[in-house]
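Please model the entire structure based on the sequences and the hints provided.
Heads up: the sequence shown begins at 4 in our numbering, then just goes up one per residue.
Rather than coming from a laboratory, the hints here were simulated on the basis of the structure. Take these hints with a grain of salt, some might be off.
Result set (DSS-like, lysine-lysine): computed pairs, CA atoms no more than 25 angstroms apart in a straight line [unchecked claim]:
(1) K402 x K42
(2) K385 x K402
(3) K385 x K257
(4) K42 x K257
(5) K184 x K194
(6) K36 x K184
(7) K257 x K105
(8) K402 x K36
(9) K105 x K184
Now the in silico label distances, taken between C-beta atoms and shown as ranges [to be verified]:
(10) A362 x P407: 40 to 48 angstroms
(11) D351 x K194: 37 to 45 angstroms
(12) A353 x E310: 31 to 39 angstroms
(13) A350 x A191: 40 to 48 angstroms
Being a predicted model, the structure only gives us computed values, none of them experimental. Cβ atoms here follow ideal geometry from the backbone N, Cα and C, with glycine treated the same way.
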Amino acid sequence: MMKLFYLVIIAAVVLVAACAATTGNEPDGWSAKEIETLKSLSLSSLGPLPGDPSNRYADDTAAASLGRRLFFDTRMSSTGLVSCGSCHLPDRDFQDGVALAKGVGTTNRRTMPIAGTAYSPWLFWDGRKDNLWSQALGPLESAVEHGGTRAQYVHLIAEQYSTEYASIFGALPDLASVPRKAGPMGNATEKNNWLALGETDRDNVNRVFANIGKSIAAFERRIQFGPSRFDRYVDGVISGDATASVRFTTQEQKGLRLFIGRASCLQCHNGPLFTDNSFHNTGVPARADLPVDNGRLDGALAVIADEFNCRGRYSDANGDCAELEFMVAHGEHLTRAYKTPSLRGVADRAPFMHAGQIASLRDVLVHYNNAPAAPAGHSEIKRLNLTNDELASIEAFLKTLNSPVITSPNTSN
Numbered sequence: 004m005m006k007l008f009y010l011v012i013i014a015a016v017v018l019v020a021a022c023a024a025t026t027g028n029e030p031d032g033w034s035a036k037e038i039e040t041l042k043s044l045s046l047s048s049l050g051p052l053p054g055d056p057s058n059r060y061a062d063d064t065a066a067a068s069l070g071r072r073l074f075f076d077t078r079m080s081s082t083g084l085v086s087c088g089s090c091h092l093p094d095r096d097f098q099d100g101v102a103l104a105k106g107v108g109t110t111n112r113r114t115m116p117i118a119g120t121a122y123s124p125w126l127f128w129d130g131r132k133d134n135l136w137s138q139a140l141g142p143l144e145s146a147v148e149h150g151g152t153r154a155q156y157v158h159l160i161a162e163q164y165s166t167e168y169a170s171i172f173g174a175l176p177d178l179a180s181v182p183r184k185a186g187p188m189g190n191a192t193e194k195n196n197w198l199a200l201g202e203t204d205r206d207n208v209n210r211v212f213a214n215i216g217k218s219i220a221a222f223e224r225r226i227q228f229g230p231s232r233f234d235r236y237v238d239g240v241i242s243g244d245a246t247a248s249v250r251f252t253t254q255e256q257k258g259l260r261l262f263i264g265r266a267s268c269l270q271c272h273n274g275p276l277f278t279d280n281s282f283h284n285t286g287v288p289a290r291a292d293l294p295v296d297n298g299r300l301d302g303a304l305a306v307i308a309d310e311f312n313c314r315g316r317y318s319d320a321n322g323d324c325a326e327l328e329f330m331v332a333h334g335e336h337l338t339r340a341y342k343t344p345s346l347r348g349v350a351d352r353a354p355f356m357h358a359g360q361i362a363s364l365r366d367v368l369v370h371y372n373n374a375p376a377a378p379a380g381h382s383e384i385k386r387l388n389l390t391n392d393e394l395a396s397i398e399a400f401l402k403t404l405n406s407p408v409i410t411s412p413n414t415s416n
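Now the structure itself:
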């Protein structure tokens, strides 16, 4: 009899302990540890905009206003028809929704969204740029994106934006001896014209060209994600709001539990922006219609060689370039490794992956569930063996990450 009494007491203690771990101020049965994880993913945990030592004009409102105008100016192209905003559409979360970006030609990559990029140390799918202003310069000289030359853009500044430019950066240099069709990335004539310029003229053009990028970056860094339904749900959970559960369906809660648990999504998609800002080979299939793409393996070498990188002549960093200094530049793990994109707004960004290889969000989840071998290098992902119902739950959760993209009032389009 006494033995039975003690067994009843022990059972009661275990039951009380179990209830204490999942009730009280923890809506929907989240444990204290899980709540900390949810808090780390909430937009309320995102710190202030990080400074950019390489761009002293990053937080200059006049530079941002000039950058906004340049961002939407189609004269910033060889045809007069393409602007940054042609692929980074404000009403599409500053992306374009097509598999391969289209400028004056067609690129080999999908357009990446701009929101939140101020928090990333690396830009582009392969991380070939290490600052936002240098990233803005790349497409301007790309033969298939904007297709122009840096001299052309500098002349445009002198002709159309001289007053705004001078008020921010100082007087423009004399461009009388600089032809419009001159640049190191152009066709044979444009390259020859560039080489024919004196060192001072080339440096003057490069300086103004860099300042164009710094203005555009000052605008772009103000483009941020607004709060989503997920963030409002987490705020309710953290505050102990008993009504928080009504903000998420049972399926969405199940998907969230899988996301932070058995599905292992947090290995890459963590933090308030749901990205580790790093590079991973996840076995994404290659496109037979595109050239070989080595991802970060080539991007690492490109960023080191970039004249507009953090350590370059036109950077304002004065050597404060830790990311570039300590980056890993070699290794098989870099082959076909691509940057982890933010999952905020992901449900509206089909098609997916670096070249639009996967059509739907469900197909992306199926890809990660099956973990196919990589076409080159070594895939990091492992087979998950999730059921169709579990995949549907994760998809439902991911849709709660949709939110409006916002910009500072002084730089709105």
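Hint by hint, here is what the structure shows:
no. : hint                            : result
1   : K402 x K42                      : holds, 18 angstroms
2   : K385 x K402                     : holds, 24 angstroms
3   : K385 x K257                     : holds, 21 angstroms
4   : K42 x K257                      : holds, 17 angstroms
5   : K184 x K194                     : holds, 9 angstroms
6   : K36 x K184                      : violated, 60 angstroms
7   : K257 x K105                     : violated, 39 angstroms
8   : K402 x K36                      : holds, 24 angstroms
9   : K105 x K184                     : holds, 23 angstroms
10  : A362 x P407: 40 to 48 angstroms : violated, 25 angstroms
11  : D351 x K194: 37 to 45 angstroms : holds, 41 angstroms
12  : A353 x E310: 31 to 39 angstroms : holds, 36 angstroms
13  : A350 x A191: 40 to 48 angstroms : holds, 46 angstroms
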